[in-house]
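Engineer: Each chain is listed here by its residues.
Protein chains: 2
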Amino acid sequence: MTVMFEKVAILGLGLIGSSLCHAIKAKGLARLIAGHAKSAETRRVALEIGLVHSVYEAPADAVVDADLVILCVPVGVCGALAAAIGPKLKPGAILTDVGSVKAAIMRDCGPHVPKGVHFIPGHPIAGTEQSGPRSGFATLFEERWCILTPPENAEPAAVQKLTAFWEAMGSMVELMTAEHHDLVLAITSHLPHLIAYNTVATAADLETVTDSEVIKYSASGFRDFTRIAASDPTMWRDVFLNNKEAVLEMLGRFTEELAVLQRAVRWGDGETLFNLFTRAREVRRGIIAAGQDTAAPDFGRGRPKV
Amino acid sequence: MTVMFEKVAILGLGLIGSSLCHAIKAKGLARLIAGHAKSAETRRVALEIGLVHSVYEAPADAVVDADLVILCVPVGVCGALAAAIGPKLKPGAILTDVGSVKAAIMRDCGPHVPKGVHFIPGHPIAGTEQSGPRSGFATLFEERWCILTPPENAEPAAVQKLTAFWEAMGSMVELMTAEHHDLVLAITSHLPHLIAYNTVATAADLETVTDSEVIKYSASGFRDFTRIAASDPTMWRDVFLNNKEAVLEMLGRFTEELAVLQRAVRWGDGETLFNLFTRAREVRRGIIAAGQDTAAPDFGRGRPKV
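Residue numbers (the numbering used here), protein chains in the order written: chain A, 1 to 306; chain B, 1 to 306.
Calculated from the structure, these hints are not laboratory results. Treat each hint with caution, since some may be false.
You can't tell identical chains apart in this list, so a pair holds if it fits in one copy or across any two.
The list that follows gives simulated cross-link-like pairs (lysine to aspartate or glutamate, EDC-like), each with its CA atoms no further than 20 Å apart [as the list claims (entries may be wrong)]:
1) LYS244 with ASP269
2) LYS90 with ASP61
3) LYS244 with GLU271
For clarity, every value in this text was computed on a predicted model and none was experimentally measured.
When you get a sec, could you build the whole thing from the sequences and use the hints?
Structural biologist: Here it is as structure tokens:
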């Protein structure tokens, strides 16, 4: 691999930020990586495990001379971060982010981006339920999609360069508008997370079934929901606060559909249930055929030893 | 391991039935395994891959002289199966099943069990989303719970023998009433499956987001739901038709909770969202501490090669 950027600044060193550091280093995409983290402990860990060449408490210090700046913080603080670094951004630099909503990022960050800096929001569709500077790994973005939502007036060369960067991470890149991104992610990500959180909360509040029973017998389906519901609470709070309309729209459709299923259960309408369950299987097959999940039973979860 | 039964009959050779065959053979728990499957193709495969020593089209033929008979068919056909084999069951034999609901099994099978046969319904909390005679494996039940729901007048020695059988499969056994089982499983299994099916159906019906987009970007949460929703439609239809009251009760609680979350999204109530998300994390930690799931990120799904 050839060096694509002299200096990259990664602001926020959680799962995505630390994975970016690992991948950039592994692939030799930058000569220097500067990091920023709010927490002193995260900054200490980042140096200890060699995520970055230098790390700063003040985000503006990290972006000096950087050719590529990536915001890897919860959506709700991107605007303030952009305001803090705006004056120090190098002319010609690319500024991007990895947030799970895009219209709000454009709205909050856009005004702070100086002329001559290329602001191209992005969203790698990759992650695990873990958080923090030790949770990252270099292959997180391999064979995953990354969506970029360049503003209408974005410079094609800058979009191309950021596209090449994500392709070098092993990702497949797609461009769309921020509004369409937010709608797509509302159904593929935000709704499933809200539903998973809600299922776990429902279980935790039962009087007739103990918490210990819920945990013991979770292998029957519930535990898959708890993995999703173990994701970072701050990040997810910000997602729901910043993609309100699309999430409410998907929730409305979800509850409509659920009413139909509930009625089928109540009236013993086996045909409606069977037909819907059969359709759902097809979607799974499409996901496996597209290489977006493993076909191994139970996700290939480690089996206990015999 | 010592032989526990001279002859075991496994009626139904899908995921659970074939896994039982593999495990019984691997552990040497029976001298003979007789099988029954409705489909000629399944019977052919069962002999070809050595699941059973003999296989029968008529279930009554399989149970002759069997000391342990296990019904491994969808809940909705257990009653008819019990009626068919009742007259041929050997006095002193244990009759059990593996169905995901228990009160309906007691109601449907009970009347067909002759005096002198020990009827003890059971439910191993283990499975994958796959089906058919080739989907089974010997370690499926290892370190998983198995719930038995013996009727009040069950003979303790028979309960003990069936308990020892499941323990030999590597499972941990718990006894409870059929009614309590159905309530516990309604929240840990039936509700999550219904919700997963419903989420997949909601996504499939969108006009604004294409099916191909749903599939491409499924790694962001949705794909976990599709795994659950890929389970056998007949089996799941029967579960919902036969555990109606408990499922409706859990659904009612779920939609109540969801209304609270929906309101928090609409009004931008970040604190409610954050607190609920934080609580959900704790439940996940309990499940990992109890050994009921892997702590590996993303379930330890196979990562693409670098």
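Engineer: Could you work out which earlier hints the structure fails to respect and list their numbers in ascending sequence?
Structural biologist: none
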